[in-house]
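Undergrad: For the protein sequence lines, the chains are A and B, in the order given. The letter at position 31 of the first sequence is residue 31 when you use the numbering used here, and the numbering goes up by one with no holes. The letter at position 142 of the second sequence is residue 486 when you use the numbering used here, and the numbering goes up by one with no holes.
Hints listed in this document are in silico derivations from the structure and should not be mistaken for laboratory results. Treat the hints with care, as some may be off.
What the hints assert, rightly or not - Straight-line Cα separation of at most 25 Å, SDA-like style, residue types lysine to any residue; simulated pairs:
#: 1; chain 1: A; residue 1: Lys150; chain 2: A; residue 2: Val163
#: 2; chain 1: A; residue 1: Lys150; chain 2: B; residue 2: Ile359
#: 3; chain 1: A; residue 1: Lys150; chain 2: B; residue 2: Pro400
#: 4; chain 1: A; residue 1: Lys150; chain 2: A; residue 2: Met242
#: 5; chain 1: A; residue 1: Lys150; chain 2: A; residue 2: Val246
#: 6; chain 1: A; residue 1: Lys150; chain 2: A; residue 2: Arg245
#: 7; chain 1: A; residue 1: Lys150; chain 2: B; residue 2: Asn433
#: 8; chain 1: A; residue 1: Lys150; chain 2: A; residue 2: Pro240
#: 9; chain 1: A; residue 1: Lys150; chain 2: B; residue 2: Ser389
#: 10; chain 1: A; residue 1: Lys150; chain 2: A; residue 2: Met334
#: 11; chain 1: A; residue 1: Lys150; chain 2: A; residue 2: Asn90
#: 12; chain 1: A; residue 1: Lys150; chain 2: A; residue 2: Ala250
#: 13; chain 1: A; residue 1: Lys150; chain 2: A; residue 2: Met244
#: 14; chain 1: A; residue 1: Lys150; chain 2: A; residue 2: Leu136
#: 15; chain 1: A; residue 1: Lys150; chain 2: A; residue 2: Leu160
#: 16; chain 1: A; residue 1: Lys150; chain 2: A; residue 2: Ala232
#: 17; chain 1: A; residue 1: Lys150; chain 2: A; residue 2: Ile164
#: 18; chain 1: A; residue 1: Lys150; chain 2: B; residue 2: Trp596
#: 19; chain 1: A; residue 1: Lys150; chain 2: B; residue 2: Ser436
#: 20; chain 1: A; residue 1: Lys150; chain 2: B; residue 2: Gly360
#: 21; chain 1: A; residue 1: Lys150; chain 2: A; residue 2: Pro91
#: 22; chain 1: A; residue 1: Lys150; chain 2: A; residue 2: Leu241
#: 23; chain 1: A; residue 1: Lys150; chain 2: B; residue 2: Ser358
#: 24; chain 1: A; residue 1: Lys150; chain 2: B; residue 2: Arg362
#: 25; chain 1: A; residue 1: Lys150; chain 2: A; residue 2: Leu204
#: 26; chain 1: A; residue 1: Lys150; chain 2: B; residue 2: Ser363
#: 27; chain 1: A; residue 1: Lys150; chain 2: B; residue 2: Ala403
#: 28; chain 1: A; residue 1: Lys150; chain 2: B; residue 2: Val402
#: 29; chain 1: A; residue 1: Lys150; chain 2: A; residue 2: Gly230
#: 30; chain 1: A; residue 1: Lys150; chain 2: A; residue 2: Glu231
#: 31; chain 1: A; residue 1: Lys150; chain 2: A; residue 2: Arg48
#: 32; chain 1: A; residue 1: Lys150; chain 2: B; residue 2: Arg401
#: 33; chain 1: A; residue 1: Lys150; chain 2: A; residue 2: Gly170
#: 34; chain 1: A; residue 1: Lys150; chain 2: B; residue 2: Asn361
#: 35; chain 1: A; residue 1: Lys150; chain 2: B; residue 2: Gly397
#: 36; chain 1: A; residue 1: Lys150; chain 2: B; residue 2: Leu399
#: 37; chain 1: A; residue 1: Lys150; chain 2: B; residue 2: Leu398
Stated by the list, open to error - Some, not all, of what chain B presents toward chain A, calculated at C-beta under 7 Å:
#: 38; residue: Leu398
#: 39; residue: Leu399
#: 40; residue: Pro400
A virtual CB, placed ideally from N, CA and C, is assigned to each residue, including glycine.
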Amino acid sequence: MTGASIGVPTSSATRRAAWCAAWLLLASALLAVCGASVGSTGFDSVLRMHGDPVAWQIVWDIRLPRTLGAWLAGALLGLSGAVAQGLFRNPLADPYLLGSASGAALGGAVAMALFGVSPVAAQWMARIGITGMAFLGAAGAVVLTLLLAKGVQHTLRLLLAGVIVGVVLGALRDLVELASPDILQAMQAFTLGSTAFVGWAACLLMAVAWALCSVVAWMLARALDGLTLGEATAASLGLPLMPMRVGLVAAMALATGTAVAQTGLIAFVGLAAPHLVRSIVRVTHERHIVLSSLMGAVLLMAADILARWLLAPQELPVGVLTAALGGTYLLWLMHRRTSQGGAL
Amino acid sequence: MKSIAISANGISASIGNRSILQGIDLQLPAGRWTSIVGPNGAGKSTLLKVLAGLLPRVAVQGDVLLLGRPLVQIPARERARQLAWLGQNEGSADDLTSYDVAMLGRLPHQAWLAPPGAADHAAVEQALRTTQAWDWRHRPLSQLSGGERQRVLLARALAVQAQVLLMDEPLANLDPPHQTDWLHTMRALVDAGGTVVSVLHEVSLALQSDDMVVMAQGRVLHQGACDAPATHAALESVFDHRIHVRHLDGMWMALPSMQRKHSQ
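Please put together the full structure from these sequences, using the hints given.
TA: Next up, the structure:
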């Protein structure tokens with residue numbers, strides 16, 4: 001594709017990317033085993049699951065879907081972050097800082113308030129309804145951020161606009177919650193970010209969204225490569241930038257909206273995953289997006305296991321853990337950029 | 345009769361409420377190297393963007409013809425194969441390797457989602473070798489100096505292998521030896537039948553091209569051969585007679601005029 005990385009001249013980068021993908025998949029497999037084992041009954045349930053219906057239920061109906069759900073939500077957020085950073089040519093862009101996660105949460109809250117469903121609902125229509133509204137909220141928030149920032153040219157203005165949109169939409173979400181006390185308790189778990197309520201239905205929905213977003217993002221990855229050279233140069237290369245941008249924003253919004261609708265607000269995975277990939281290997285966007293998605297999946301799955309294990313038998317909302325770890329990472333990133341003489 | 349590569353008729357352009365170009369008529373001959381010069385704010389870069397079709401249509405009045413066809417009627421990919429663009433300070437592409445950046449120049453030649461073919465790899469290698477950037481093809485742009493980066497970006501524009509090459513300040517960050525190499529590269533391109541249009545700040549380097557367009561305040565004041573006395577007079581006039589054009593060692597050079605300062 002765009003990258004010569006598949007050709008002979010950059011085969012070292014290709015090999016490195018392949019190794020990175022292999023390690024991330026291996027880490028995913030190992031973490032999946034850990035995820036199926038962590039809980040009040042420990043690994044014992046995994047060993048006894050074939051003969052014991054209760055152990056089977058614990059592993060198959062609770063641990064596995066939430067472990068796989070964490071992986072899929074992380075994959076969606078990692079993909080969304082990689083697309084956002086490429087699209088806005090801004091290494092600090094992510095679904096949170098652009099306000100799209102807040103938009104998704106508002107969409108989800110409105111859906112719950114209107115249709116009287118909670119985030120723990122397993123019904124298909126409810127899941128799809130919440131996801132659809134979250135998608136619309138995420139897309140609307142990105143458009144709002146872009147309008148406020150008057151484009152993507154100014155990093156600071158873009159981030160400020162994203163923060164403002166995030167705060168305002170967050171306040172609107174609070175109002176919706178207050179107006180519908182029935183959903184207040186359920187929404188609390190949702191805003192803290194948790195994989196506790198993820199079942200197989202949510203997993204399937206996220207898997208479908210991930211497949212769709214990955215294909216769209218992969219097909220449009222050359223637009224992101226072209227945009228690294230600037231708007232005018234990308235246009236001079238004959239790239240249809242406007243439809244490509246619409247497609248990429250839609251993929252980003254669908255990925256964010258689907259993840260938020262199933263697991264609530266989980267911060268910083270979308271920011272950290274592309275950065276970690278970039279620190280390991282620098283490749284064109286078609287590979288970068290896939291690797292970032294895998295990295296996000298591994299990060300969130302690991303964070304979810306940590307959140308279940310740290311205070312066992314109690315568990316931390318995983319969103320709280322990623323916010324604490326991710327916030328520290330963002331501070332370090334800002335410090336590094338400033339010390340290297342770069343502006344934010 | 346010389347064929348015309350780019351023809352601009354009645355071009356006016358504005359950015360916001362500010363008028364940048366006013367009523368420009370221009371014929372740029374094919375197989376020639378034309379430099380656009382003028383003082384800061386003359387509208388040189390904007391004119392180049394108009395010629396490349398890179399300004400929003402609502403901001404531009406008038407017609408541009410590329411190789412005899414209205415620019416706006418040529419499909420984007422076809423236009424991208426015919427006309428290559430090198431802008432200034434547009435993007436960093438920090439994360440891509442030099443090779444990947446140069447390969448972006450082959451996008452107009454590749455089918456959608458198709459991997460680069462042997463011709464693409466050959467074109468990229470040739471372009472990187474021409475700008476002497478082949479040795480660091482595996483390095484990301486973030487690890488290159490300003491001059492090295494500029495040579496990679498020039499290779500990206502050369503890799504397009506377009507008939508017409510438009511460049512805005514292509515010598516930014518290049519040291520004198522590489523500026524000389526660039527002059528030779530452009531001359532070779534033109535000798536091979538290509539058309540080059542470059543906006544240049546360095547008047548002495550611009551004088552090494554074939555033709556010159558002299559601009560000021562959004563208008564074209566003069567267009568003529570670089571060795572024509574009328575062109576030299578227009579140059580000296582537009583720069584307020586603070587430069588003199590002199591013939592030295594077989595080349596036309598613009599030298600700072602110190603006499604005027606002394607006489608003040």
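Undergrad: Does each hint hold? Answer for all of them.
TA: Against the structure, the hints come out as follows:
At roughly 15 Å between alpha-carbon atoms, A:Lys150 and A:Val163 fall within 25 Å of each other, so this suggested pair holds. Between A:Lys150 and B:Ile359 the CA atoms are separated by roughly 15 Å; this keeps the pair inside 25 Å, and the hint holds. Between A:Lys150 and B:Pro400 the CA atoms are separated by roughly 16 Å; this keeps the pair inside 25 Å, and the hint holds. Under the criterion of a C-alpha separation no larger than 25 Å, the hint pairing A:Lys150 with A:Met242 is consistent with the structure, at around 16 Å.
Of the supplied pair hints, the one linking A:Lys150 and A:Val246 holds, its CA atoms being roughly 16 Å apart against a limit of 25 Å. The hinted pair formed by A:Lys150 and A:Arg245 meets the criterion: a straight-line CA distance of about 15 Å does not exceed 25 Å. Our distance criterion of 25 Å between C-alpha atoms is met by A:Lys150 and B:Asn433, whose separation comes to about 20 Å. A distance of roughly 20 Å separates the Cα atoms of A:Lys150 and A:Pro240; the hinted pair therefore holds under the 25 Å criterion.
Among the hinted pairs, A:Lys150 with B:Ser389 is consistent with the structure: their alpha-carbon atoms are about 23 Å apart, no more than 25 Å. With a C-alpha separation of about 24 Å, the suggested pairing of A:Lys150 with A:Met334 holds against the 25 Å cut-off. This hinted pair checks out: A:Lys150 and A:Asn90 have alpha carbons roughly 15 Å apart, not beyond 25 Å. For the hint linking A:Lys150 to A:Ala250, the alpha-carbon distance of about 19 Å falls within 25 Å, and the restraint holds.
Under the criterion of a C-alpha separation no larger than 25 Å, the hint pairing A:Lys150 with A:Met244 is consistent with the structure, at around 19 Å. At most 25 Å may separate the alpha-carbon atoms for a hinted pair to count; A:Lys150 and A:Leu136 meet this at roughly 21 Å. For the proposed pair A:Lys150 and A:Leu160, the alpha carbon gap of about 12 Å is at most 25 Å, so the pair holds. A C-alpha spacing of about 17 Å is found between A:Lys150 and A:Ala232, which places the hinted pair at or below 25 Å, so the restraint holds.
Restraint check: the Cα-Cα separation between A:Lys150 and A:Ile164 comes to about 14 Å, which is no more than 25 Å; the hinted pair holds. Of the pairs offered as hints, the one joining A:Lys150 and B:Trp596 is violated, with about 46 Å between alpha carbons and a cut-off of 25 Å exceeded. A distance of roughly 21 Å separates the Cα atoms of A:Lys150 and B:Ser436; the hinted pair therefore holds under the 25 Å criterion. The suggested pairing of A:Lys150 with B:Gly360 holds, with an alpha-carbon distance near 14 Å, which does not exceed 25 Å.
At roughly 18 Å between alpha-carbon atoms, A:Lys150 and A:Pro91 fall within 25 Å of each other, so this suggested pair holds. A distance of roughly 17 Å separates the Cα atoms of A:Lys150 and A:Leu241; the hinted pair therefore holds under the 25 Å criterion. Our distance criterion of 25 Å between C-alpha atoms is met by A:Lys150 and B:Ser358, whose separation comes to about 19 Å. Annotation: proposed proximity of A:Lys150 to B:Arg362 holds, straight-line Cα distance about 18 Å (limit 25 Å).
Annotation: proposed proximity of A:Lys150 to A:Leu204 is violated, straight-line Cα distance about 37 Å (limit 25 Å). For the hint linking A:Lys150 to B:Ser363, the alpha-carbon distance of about 21 Å falls within 25 Å, and the restraint holds. For the suggested pair A:Lys150 and B:Ala403, the alpha carbons sit about 17 Å apart, so the restraint of at most 25 Å is met. Between A:Lys150 and B:Val402 the CA atoms are separated by roughly 18 Å; this keeps the pair inside 25 Å, and the hint holds.
For the suggested pair A:Lys150 and A:Gly230, the alpha carbons sit about 17 Å apart, so the restraint of at most 25 Å is met. For the suggested pair A:Lys150 and A:Glu231, the alpha carbons sit about 15 Å apart, so the restraint of at most 25 Å is met. As the CA atoms of A:Lys150 and A:Arg48 are separated by approximately 59 Å, the hinted pair breaks the 25 Å bound. As the CA atoms of A:Lys150 and B:Arg401 are separated by approximately 19 Å, the hinted pair is consistent with the 25 Å bound.
For a cut-off of 25 Å, the pair hint linking A:Lys150 to A:Gly170 stands: about 22 Å separates their Cα positions. A C-alpha spacing of about 17 Å is found between A:Lys150 and B:Asn361, which places the hinted pair at or below 25 Å, so the restraint holds. Between A:Lys150 and B:Gly397 the CA atoms are separated by roughly 22 Å; this keeps the pair inside 25 Å, and the hint holds. Between A:Lys150 and B:Leu399 the alpha-carbon distance is near 17 Å, which keeps this suggested pair within the 25 Å criterion.
For the hint linking A:Lys150 to B:Leu398, the alpha-carbon distance of about 19 Å falls within 25 Å, and the restraint holds. Satisfaction of the interface hint for B:Leu398 is found here, the shortest Cβ-Cβ separation to chain A being roughly 5 Å, below the 7 Å cut-off. Because the closest C-beta pair between B:Leu399 and chain A is about 9 Å apart, greater than 7 Å, the hint is violated. With a cut of 7 Å, the hint placing B:Pro400 at the interface with chain A is violated, because the nearest CB-to-CB distance is about 10 Å.
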